[in-house]
Structures are given as C-alpha cells and as structure tokens.
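Position one of the sequence shown corresponds to residue 1 (full-length UniProt numbering), numbered consecutively onward.
Calculated from the structure, these hints are not laboratory results.
Note that the coordinates shown come from a computational prediction; the quantities given were computed from them, not determined experimentally.
Take these hints with a grain of salt, some might be off.
Claimed, not checked - Here are the computed lysine to any residue pairs in the SDA-like style, where the Cα-Cα straight-line distance is at most 20 Å:
1. Lys-493 <-> Leu-461
2. Lys-589 <-> Glu-654
3. Lys-731 <-> Arg-673
4. Lys-731 <-> Gln-691
5. Lys-552 <-> Lys-589
6. Lys-731 <-> Lys-748
7. Lys-731 <-> Leu-750
8. Lys-283 <-> Ser-331
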Amino acid sequence: MLGICRGRRKFLAASLTVLFVPAITWIYLFAGSFEDGKPVSLSPLESQPHSPRYTASSQRERESLEVRMREVEEENRVLRKQLSLAQSRSPSHHRGNHSKTYSMEEGTGDSESLRAGIVAGNSSECGQQPAVEKCETIHVAIVCAGYNASRDVVTLVKSVLFHRRNPLHFHLIADAIAKQILATLFQTWMVPAVRIDFYDADELKSEVSWIPNKHYSGIYGLMKLVLTKTLPSNLERVIVLDTDITFATDIAELWAVFHKFKGQQVLGLVENQSDWYLGNLWKNHRPWPALGRGYNTGVILLLLDKLRKMKWEQMWRLTAERELMSMLSTSLADQDIFNAVIKQNPFLVYQLPCFWNVQLSDHTRSEQCYRDVSDLKVIHWNSPKKLRVKNKHVEFFRNLYLTFLEYDGNLLRRELFGCPSEADVNSENLQKQLSELDEDDLCYEFRRERFTVHRTHLYFLHYEYEPASDNTDVTLVAQLSMDRLQMLEAICKHWEGPISLALYLSDAEAQQFLRYAQGSEVLMSRHNVGYHIVYKEGQFYPVNLLRNVAMKHISTPYMFLSDIDFLPMYGLYEYLRKSVTQLDLANTKKALIVPAFETLRYRLSFPKSKAELLSMLDMGTLFTFRYHVWTKGHAPTNFAKWRTATTPYRVEWEADFEPYVVVRKDCPEYDRRFVGFGWNKVAHIMELDAQEYEFTVLPNAYMIHMPHAPSFDITKFRSNKQYRICLKTLKEEFQQDMSRHYGFAALKYLTAENNS
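Input sequences plus hints: build the corresponding full structure.
Right under this line is the structure:
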C-alpha cells in the first residue's frame, strides 16, 4: 500500500511538470517584453533599435531561446511517454512484487546522506528492487555459549521465524553446553525449512585466545572475526547476529541488502549509536580507533567469498597486533577490531540504515532511527542492563521482546508452501506412525500422545556439577507442572545432592518459572539442579515422557526415582550413597525401595528420625502412602516389618506395586503410552521385575507425601468413563507386549492382573 501511494505521488509530480514547464517557459518569453504595459529591455542595446550590434545580439538570443524551447518540448514528450508506460504497467508491477519479492529499505552506503536523512531513509523506494527469490535460503550465523545465551538464541530465532517467508540455514558457533541444549531443542522443535549446523566454538579458542578482552562476552565475543575460516568455503554470504537481537520484520529484507554492495564493500554495518568511539564519555576515555562514531557489530552482513580473497584473516590479525601494543586489550570484543580495520580501510563498509540495528544501550541516539513502530526492523539489547536499559520508548521495546519470549513456539512449525524442503527422517517416521493409527478409535488421542514430539529445552538454568569421584553419587529425578513450583525450595532444603527435573510448561509459564527461580535465594544458590523444560502440546500430561527426559540427563551413576510431591528425609542423599556401596548396586540388578508415607496436614513438623516418624504414625499425624485409597500400590513394602527392621530386606513383586526406587542410570525407561493418571509407575516396576531386578527395602530411609489439590488428570480419570476404558485397554496391550518381549516369564503379570 505504501508503494502504491508513493507511485501516485511520483505520477502527480511528473504530471505537474508536464503541465507547468511549457507554461513557465512561454510566460518567461512573453513577460520578458513587457513591464507595466511597456516593452522591457532584453538587452542593454535595445535603446538603440536600429543598431547593428543590437540586431545581431537580439537574433542570437532568440535563436538560443528557440533551441532551448525545442529541447524542453522534446523532454516533455519523452516524460509524457514514460508516464503513459508507467500507468499501463503499474498494476502488474505491484502484483509481481507481492508474489515473488519482498520489499526492502533503501540503504545508502554513504555516511553523510544517512546522517542527513536517518528517519526519512526508513521509507522504501519504488522501482526495481533486488529480489529475494521465494525459496532462496537465507544463511544466519550466531555465536552462542552457555546456558543464558542459549535462552537468548531461542527468543531471537522465534522473532526471525515469526516474520520469515524463506528457508533458513542457521550456522551456530557453539560451545558444548549450547550445542547440547540447542541441538535437542531444534530436533524436537521440527520447524519445516530450517536447517541447523553446529561449529565447535571450543576448537576456535586458540584462534582468538591471544587477544585480551575486557568485555563480558569473554573469549566467545571475539569469534565473529574468524567466521571466514570457520564457515563452509562454498558459503558466499551470511548475516551475523548477536544473541540479544529481536527482529521486527522479515529477515529477507536484510538479506536483499547484499545486492546493493558495490566495489570492494564486503561488510554491511550500522553506525554505532553511542558516543563510545568519540572518546568523550569520561575523562581519559581512550577507545580503539574508529571511523567517526564507529560501527556496531550486533548485526553484520558478510560477503565471505570476497573477504577470503582479500585475505581477511591476515588483515584483522595485523591490525589487532598493532593496536594491542598501545591499547593492551579490547573493551568491546570483536567490535573494536572490526572498527580498527575499517578505520584503515573505509572502502570495506556498506553503511546500513540504523533501523537495522536500533541499539538500546544507555545514552544512545537510537531514537533518531525510527519515527513510528512500522520503522523498526531490528532491536538490539546491547546494554549489560538488557531489559532494564533507559530509553524513551523502552516499555514498547520490552513488550515486543516479551511477546516473542512468551510466544508459543509450536505455532512456528508452519510449512513454507511451494518451497521444497530437505527430507527429515524424524518427521517422516512420525508421519508414518501417525498414519498407521485409526482416527475412529475411541482411544486415538491416547495412542497419538505416545508419538507426539514435545519441544524440549534442556538445562533452562545454569547447571554446574561434577559427580563424586567414588562412583556412589545419586541424582533425585522428578517431574512437575506449574502448580507444583512451591515444592522446589522445600525439596532443595531436604536433598543436597544433584537433582534432575522435567517441567511441563507453556512458553509463557517457562518465563514465569524463570522469574520465580531468579527471585529465590534457595534455588539460585544451587547449581546442581538441572531444569529441563518440556513444552506443552496436546491434551494429556505426558508424565512418563517427562520422567524419561529427567532420567536421560543425569551425570551420576545412580538415580532416585521420586515424585515432586514428596519430601525426602533429611540426610537421605548421604544415606543412599552409603547404601549403593553396601548393597553392591554397581554389580547387581537391584532396586532399592524408599518407603513412602503421607500427611494430610499442610503444615508438618517434619520427623528428623525414624523413631520420630514411627511416633507420628502411631499418633495419626502420618500414614503409609495411599493406605486409604490404593493399598496395593505400596503394600508389598511390608511396613509392619519395616517398623523394626535394622537391615535391608527383600520383597517380591505383586500386582499394582509402584514403590519409589533407587536404581542404576541404565535402567529401562518409562512406557510413554501411559499419560495423565494411572499405571505410569506400575508399568515401570513391572518391567524392572521382568528384567529380574531385586527389590530391596531400605530400613532407615523414608519420604513423605505432602498434600495438594487433586490434579486435572486424576479428576478426568474419576469423571470420564471413556478415560478409564482407554486406560484399561492400554494396560492389556502393555501386558501383551511384555509377554511377547519377555516370553513365558511374563505370563505371571497377566495372571496376577486377573487375580487382583
């Protein structure tokens, strides 16, 4: 619409030119002979009308004017012809733009004209723009290291995916932590027409470790310098982004700017919007050399093929070595070195309009980059303060950022129609499995959930833990949803060892959890808790998938399979470590049972010893777990024997047994067909028994279930007859699978179920 309006304005201006240029010319010719009704002298000699000099001069001037008139008329004729052609072509021209190309803002590449029209330059120009083909792949490079940066990358990618209409190829220069997190995330996200390649950032450290850097990004903040060497040699161009970037437009518009590079221009950069490189921020402030205000490297367009031919590696290294002799270290990481190179070679830069990198650090000129919301293209939170930065419109920018932060990433799994995409084995297998299901089956939704791929973000918060060297370490494993967050602090106080938690949350809830955790002194003081976000999808609570995610990402040889509603006894962590040694868990198939109790009181004086617990049992303050609603679940633990036991004792498997156990990390996973409420733990214990695990009750261990409101899933189980029918069907199918897998020995499970 904006392009049509500009086209009309140009047409009107040209029309006025056609009408007024001849009129003005004739007025000039005729008015030149009269003034106040009398002839006006066209020449100093006109007072001598019969002078030969006057006659010759007058004749020459008239001939000159006639020639000029003919030129003007010819120009008008050509202009009228062009207008006529433009009118006849304009409808198809606009349709063509919408069907095949993306609009893009006109960059200048010229510092003075950019500064003169920093806002006016935001408007797109009509006419032939370099096109980005519909299915052209856009390449994006990002350096990412650590847990926090991995979270930032997700928000950046969401903003790019939200606006994009082209296939994307992300080149992620990542350390081991970021690679583990982001590889799992993208594998489970399954976004069509998106390819991810990883490059080991740790292998690149030697390339830049010789450069002292004071910037908070550390050594990873220098790695954009070596992209020409790191990225594939056949990759010609790439957009390089910082992790704290948010896109407000289609990235194809930025990609199209490559077509405007001329001559030796190989770097597309936005001018730095702070006064940093002017050297006037404080007394004795001495920045690295830069051209004028310098350039910000949060958004870079790199022409890799030309940079390689120019021997970029040698260029930046020589510059850095020379400057470090006097500067001693960089203050702004790679940005300082980029600017020092540009200072010596200004011809390398194509200057982008500043709306391609609106820099929201304190005391910047960012407000000059936009006049309206529609002017914004890329927002850069390049202050260490991030969302707390001072800016006139920071509330708007913050809300825009939070929109993508909390946006449901599942909605970005949209196809790019008309663009062929690479074959994805995981996606093809999933489609095949789903196609084999009968949609008319009343239990279709239950069966479908087993194959649903849930987007998973591992280690959502910082995690740092080295297992004990004696190979006795135990990780507590549990899963939870938003309504159980209040249990986290209490569990951390009761269990000092490592914890692996899978949280079932929406994108918005994940941010609420982040704020909750960051506001908790207890949680922030613990770095040995791994929080793994499994994003919500579908109508069931995938309890066993969550358990499997938490189990898979432990770093200790043993795990305590618990639930979030239980508080372990004080000292249980150390007690279990001793028990795995005493019972030789490393060399035997044992499942150590921690007896489970419960209280109906929300405020409980937690027992500090077995004797105190037995006293509370006798007084009716505590009960054996689910004794009044599901006795069979824990009856085989034999609580009567436990009261007086001083040594571990063995118990046999019975139908519906579902104790909480300590096992080796190589134990079988939970069966994903069981979702929501019912049989999720029972099936797992049955499989442990089928694999000949020995169940051993620990005499001095216990855990207590804390009261809470009934879950949504147990409410569905109790109120929905079809839910119960489907659960019964899934149980029977599981038992049949057990018989097929474990043979004759598994027949006892069918018999036990029929007798129970």
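If you draw a straight line from the CA of Lys-731 to the CA of Gln-691, is it 20 Å or shorter?
Holds: Lys-731 and Gln-691 sit about 18 Å apart, inside 20 Å.
#### Entry: Proposed proximity, Leu-750 with Lys-731 (alpha carbon, max 20 Å)
holds, 10 Å
message = Would the hint linking Lys-731 and Lys-748 be met if the CA-CA limit is 20 Å?
response = Roughly 14 Å separates the two Cα atoms, so the pair holds.
Margin query: Just to be careful, I want the Cα atoms of Lys-552 and Lys-589 compared with a cutoff of 20 Å; is the pair within it?
Written below: holds, 19 Å
**Item:** Pairwise hint evaluation, Leu-461 against Lys-493, where the allowed Cα distance is 20 Å at most
**Value:** Cα-Cα ~19 Å, so holds.
Q) Holds or violated: are the alpha carbons of Lys-283 and Ser-331 at most 20 Å from each other? A) holds, 16 Å
Hinted pair, alpha-carbon criterion (20 Å max): Lys-731, Arg-673. Please report holds or violated. holds, 9 Å
### Query
Between Lys-589 and Glu-654, is the straight-line Cα distance small enough, at 20 Å or below?
The hint holds at about 18 Å.
No hint from the list above goes unmet by this structure.
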